[in-house]
Amino acid sequence: MNKFQEIALKEMFSPNARETEISSQPAIPRRINLHQIPWIRPLLQSHWPQFLIRSLTLAGFAFTIFAGLFGSRVGSHNFAIIFVWIAWWTALKLAFIPLGGRSWCSVCPIPLPGEWLQQGGILEKSRRRFGLNLRWPKRLRGSWLQSGGFLVIGLFSAVTLTDARLTAWVLMALFGLAIILSLVFERRAFCSYVCPIGGFTGIYAKTAPVEVRVIDTAICAAHSEKTCYHNCPWGLYPVALRDSAQCGLCMECLRSCPSDNIAVNLRPFGTDLAAGNKGMRQSSRLDETFLALVMLGSALAFAAVLTGPWGSLKSAAFAIGSPAWLLYGFGLLVLNLVILPGAFALAVWSGQRWSGGKVQLRRAIANQAQILLPLGLFAWIAFTVSFAFPKMNYVFSVIFDPLGWGWNLFGTANSTWSPDVSAFSPGLQVALLLVGLFWSVSVAQRLALTNTGRTLRQILPLLAFCLAFSLAMLWLLVG
Amino acid sequence: MRKEWIARSVILVFVAAAITISMVAWQARSRGVVIHARMAETGGWNPESLTVEVGRPLHLRLTSDDVMHSFAIGKSDEPPVDVIPGEITEVTLTFDEPGKYTFYCTRWCSVNHWRMRGTVEVTGPEAAAEAVEPPLYVTLGLDIDAEHHADVIPERRPSASLGAQLGAEIPTDYQSREYYRSHSPADLWQALRDEASLSSLTNQDLWDLVALTWQSNTTPQDLSAGQQLYTNNCAACHGETGAGDGVFSDDLKQPKTGEHAEMQAGEMTARPTDFTDAEHMLAASPARLQGKVLRGGMGTGMPYWGPIFTKEQTWALIAYIWTFQFKLEDAP
Numbered sequence: 113m114n115k116f117q118e119i120a121l122k123e124m125f126s127p128n129a130r131e132t133e134i135s136s137q138p139a140i141p142r143r144i145n146l147h148q149i150p151w152i153r154p155l156l157q158s159h160w161p162q163f164l165i166r167s168l169t170l171a172g173f174a175f176t177i178f179a180g181l182f183g184s185r186v187g188s189h190n191f192a193i194i195f196v197w198i199a200w201w202t203a204l205k206l207a208f209i210p211l212g213g214r215s216w217c218s219v220c221p222i223p224l225p226g227e228w229l230q231q232g233g234i235l236e237k238s239r240r241r242f243g244l245n246l247r248w249p250k251r252l253r254g255s256w257l258q259s260g261g262f263l264v265i266g267l268f269s270a271v272t273l274t275d276a277r278l279t280a281w282v283l284m285a286l287f288g289l290a291i292i293l294s295l296v297f298e299r300r301a302f303c304s305y306v307c308p309i310g311g312f313t314g315i316y317a318k319t320a321p322v323e324v325r326v327i328d329t330a331i332c333a334a335h336s337e338k339t340c341y342h343n344c345p346w347g348l349y350p351v352a353l354r355d356s357a358q359c360g361l362c363m364e365c366l367r368s369c370p371s372d373n374i375a376v377n378l379r380p381f382g383t384d385l386a387a388g389n390k391g392m393r394q395s396s397r398l399d400e401t402f403l404a405l406v407m408l409g410s411a412l413a414f415a416a417v418l419t420g421p422w423g424s425l426k427s428a429a430f431a432i433g434s435p436a437w438l439l440y441g442f443g444l445l446v447l448n449l450v451i452l453p454g455a456f457a458l459a460v461w462s463g464q465r466w467s468g469g470k471v472q473l474r475r476a477i478a479n480q481a482q483i484l485l486p487l488g489l490f491a492w493i494a495f496t497v498s499f500a501f502p503k504m505n506y507v508f509s510v511i512f513d514p515l516g517w518g519w520n521l522f523g524t525a526n527s528t529w530s531p532d533v534s535a536f537s538p539g540l541q542v543a544l545l546l547v548g549l550f551w552s553v554s555v556a557q558r559l560a561l562t563n564t565g566r567t568l569r570q571i572l573p574l575l576a577f578c579l580a581f582s583l584a585m586l587w588l589l590v591g
Numbered sequence: 353m354r355k356e357w358i359a360r361s362v363i364l365v366f367v368a369a370a371i372t373i374s375m376v377a378w379q380a381r382s383r384g385v386v387i388h389a390r391m392a393e394t395g396g397w398n399p400e401s402l403t404v405e406v407g408r409p410l411h412l413r414l415t416s417d418d419v420m421h422s423f424a425i426g427k428s429d430e431p432p433v434d435v436i437p438g439e440i441t442e443v444t445l446t447f448d449e450p451g452k453y454t455f456y457c458t459r460w461c462s463v464n465h466w467r468m469r470g471t472v473e474v475t476g477p478e479a480a481a482e483a484v485e486p487p488l489y490v491t492l493g494l495d496i497d498a499e500h501h502a503d504v505i506p507e508r509r510p511s512a513s514l515g516a517q518l519g520a521e522i523p524t525d526y527q528s529r530e531y532y533r534s535h536s537p538a539d540l541w542q543a544l545r546d547e548a549s550l551s552s553l554t555n556q557d558l559w560d561l562v563a564l565t566w567q568s569n570t571t572p573q574d575l576s577a578g579q580q581l582y583t584n585n586c587a588a589c590h591g592e593t594g595a596g597d598g599v600f601s602d603d604l605k606q607p608k609t610g611e612h613a614e615m616q617a618g619e620m621t622a623r624p625t626d627f628t629d630a631e632h633m634l635a636a637s638p639a640r641l642q643g644k645v646l647r648g649g650m651g652t653g654m655p656y657w658g659p660i661f662t663k664e665q666t667w668a669l670i671a672y673i674w675t676f677q678f679k680l681e682d683a684p
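Just so you know, the protein sequences line up as chains A and B, in that order. Be aware that the first sequence starts at 113, since it is given in our numbering, and climbs by one per residue. Be aware that the second sequence starts at 353, since it is given in our numbering, and climbs by one per residue.
Take the hints with a grain of salt, since some may be wrong.
Sample of chain B residues facing chain A (criterion: CB under 8 Å; computed from the structure) [unchecked claim]:
1. Lys355
2. Glu356
3. Ala359
4. Ala370
5. Ile371
6. Ser374
7. Val376
8. Ala377
9. Pro409
10. Leu412
11. Thr415
12. Val419
13. Met420
14. Glu530
15. Tyr656
16. Gly658
Between beta-carbon pairs, the in silico distance windows are [unchecked claim]:
17. Ser368/A <-> Ala368/B: 43 to 49 Å
18. Met420/B <-> Ser434/A: 51 to 57 Å
19. Ala368/B <-> Arg240/A: 19 to 25 Å
20. Val386/B <-> Ser368/A: 40 to 46 Å
21. Glu530/B <-> Ser424/A: 54 to 60 Å
22. Thr662/B <-> Ser427/A: 52 to 58 Å
Read the hints as simulated data drawn from the structure, not as lab findings. Values in this document were obtained by computation on a predicted structure and should not be read as measured data. Here a beta-carbon is modelled for each residue, glycine too, at the ideal position from N, C-alpha and C.
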């Protein structure tokens with residue numbers, strides 16, 4: 113977003129909109145604090161709008177499980193398959209994540225029942241709580257389990273995405289696991305460390321134009337109660353937020369801050385990437401790097417299995433337990449655990465060596481993983497164009513006949529309207545992949561400038577990695 | 353605390369609404385009999401046997417769980433209806449006569465497509481045992497599995513219209529329906545060859561006369577109905593051109609090992625008969641073909657059509673099968 117767009121946006125919302133600058137980081141581009149916009153403020157401040165949406169999604173969840181278990185076995189006619197894997201998944205990748213970061217997490221119903229038990233209430237905590245409230249084991253911190261979960265989804269993708277019964281069981285398993293973990297561990301352990309979708313949305317939330325941040329850190333320093341931290345279901349302390357990967361946008365900190373010191377900022381896309389590295393401690397955590405790589409590998413695998421022309425690959429991915437499936441699974445794991453991490457590590461290592469960087473390789477790998485985020489996000493968006501768009505007509509027909517039992521609730525079940533994307537989808541996909549590639553390159557460039565100053569030498573191997581991935585994706589999607 | 357209770361109530365109301373909608377849906381679904389169609393390998397029709405009283409409407413809701421199927425009732429005029437994955441096709445059947453009816457699939461859904469059969473038991477007070485008239489091949493005592501070869505075969509495909517142009521008189525004995533049904537073309541050819549009055553005609557001329565005789569025992573309506581039956585039920589194996597090269601023919605000739613063995617419900621299958629093979633076909637009588645159609649080919653994978661085709665349909669189908677040997681006037 114450029115300066116002019118920013119001004120236009122501000123005027124559009126309200127003449128009273130207040131610009132906010134984070135006092136401790138003056139170099140960061142300016143934001144628009146949505147919380148200060150008069151008509152948005154009550155929507156964020158009140159529990160009810162978000163709560164009502166969550167109640168609706170919870171009811172939708174219950175109906176989806178019923179449809180999955182008892183509806184038609186034909187995926188294209190079952191609400192569970194079409195709403196989970198076509199409508200919701202598309203909305204997640206095309207709207208929730210790129211525009212709202214973890215905005216889905218803010219309305220996701222999965223943690224609701226567990227949290228109810230854990231906190232003794234939905235909106236207000238009570239003394240009658242259940243659960244052990246243990247701390248999450250240190251060894252399992254980070255996004256390792258989420259990466260693993262995503263790989264498991266990839267292993268069973270062909271069946272899960274087409275079998276309504278299995279989809280219902282997966283949803284129930286997520287639901288059950290969320291409840292169990294809420295009863296054993298404190299806060300949203302399931303969302304933070306286990307939910308694969310949480311991992312997926314979390315890392316790409318760094319690119320999104322929404323963030324929750326503290327306005328003035330000095331106020332927080334003087335505030336001894338730390339109500340924001342105590343009320344955060346995710347266990348985050350807003351002052352410490354360096355990026356938007358962990359924040360589930362639940363707005364509890366904003367509601368509990370006595371000084372109105374929390375902002376919900378509209379910010380330029382990708383603000384978290386390559387930002388504020390100068391002088392800041394660089395993380396050496398590899399879990400996010402691994403997650404980012406798993407997302408790339410999964411995008412390739414999903415594109416190959418679900419939209420590719422290879423019948424034998426589809427059959428192999430479908431025939432769970434067969435030797436062909438074992439081979440497919442082996443290939444998927446080798447791609448995600450060996451080839452991509454190996455190639456990325458090699459690219460970082462050679463970039464470091466060539467540019468004379470003094471950063472420890474582990475830190476460099478962790479740091480450079482940010483480059484992979486725009487690349488991955490746009491690869492998933494491009495995949496969605498060819499995977500989900502041609503199936504959009506099913507969304508309409510399952511609304512009218514959600515269980516595939518031959519109903520016609522509004523007389524339009526047989527509408528054959530289907531967006532014909534074949535004409536523009538290849539062009540659009542090329543454009544999307546290019547946007548991802550260029551964005552990644554620009555992140556790489558900024559990172560290199562802050563790290564060594566010798567830009568080209570450091571980013572060239574990474575550029576080659578990104579280009580190779582983009583070409584592979586292009587080949588899979590456009591052919 | 354009031355706020356908390358409102359929130360809890362909202363959650364419960366919403367979830368209860370979702371469950372109620374689901375339950376209402378469940379109730380609404382139980383009207384009529386739902387029949388699920390699957391490929392024979394994975395179960396066929398479910399349920400596969402139904403019972404209904406004579407004259408009472410039987411309301412069926414048909415759906416497919418895998419590929420497209422079609423639902424038809426044997427020995428009835430009811431047109432087949434498509435059974436589409438995930439959609440419900442509603443059919444209401446009323447049976448006037450008691451008895452056992454076969455319903456079957458008319459879409460070539462898999463190599464074992466023909467095994468997709470089920471029955472409707474129509475009960476009624478007057479369900480008296482009806483005297484069953486044995487089919488012709490049984491009356492004739494034909495061994496329909498015996499080898500048969502024509503010693504003489506035509507040089508080209510015999511034509512009924514060329515036969516008519518010869519102006520030759522065919523003895524009336526050979527023109528009767530009984531003769532036609534119980535004799536092979538080769539039998540008739542040999543009989544004509546032995547006729548002194550036809551001695552001036554060439555072998556090919558006599559074949560044209562055989563074609564003419566065969567034509568005189570059918571009608572354009574029969575041929576058209578026969579073609580329809582053939583296309584729907586036979587062409588999957590025997591091929592559109594009758595050459596035994598239908599889409600499933602390759603599966604039927606293959607040895608039963610490995611993955612293929614699991615797909616095949618039967619142990620023994622054979623390549624479908626080539627109806628364009630003159631040596632084989634011209635030595636077969638319509639009665640023999642009737643036997644094959646009604647009983648099926650034992651140990652070849654050829655299904656039995658006795659419970660499905662009416663007598664008229666069987667003869668119409670046989671008449672059409674001869675068009676792979678003869679050029680018959682008005683043949684489709």
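Comparing the hints with the structure gives:
no., hint, verdict
1, Lys355, "6 Å, holds"
2, Glu356, "4 Å, holds"
3, Ala359, "4 Å, holds"
4, Ala370, "4 Å, holds"
5, Ile371, "6 Å, holds"
6, Ser374, "4 Å, holds"
7, Val376, "11 Å, violated"
8, Ala377, "6 Å, holds"
9, Pro409, "18 Å, violated"
10, Leu412, "12 Å, violated"
11, Thr415, "7 Å, holds"
12, Val419, "10 Å, violated"
13, Met420, "11 Å, violated"
14, Glu530, "51 Å, violated"
15, Tyr656, "31 Å, violated"
16, Gly658, "33 Å, violated"
17, Ser368/A <-> Ala368/B: 43 to 49 Å, "31 Å, violated"
18, Met420/B <-> Ser434/A: 51 to 57 Å, "26 Å, violated"
19, Ala368/B <-> Arg240/A: 19 to 25 Å, "23 Å, holds"
20, Val386/B <-> Ser368/A: 40 to 46 Å, "54 Å, violated"
21, Glu530/B <-> Ser424/A: 54 to 60 Å, "57 Å, holds"
22, Thr662/B <-> Ser427/A: 52 to 58 Å, "42 Å, violated"
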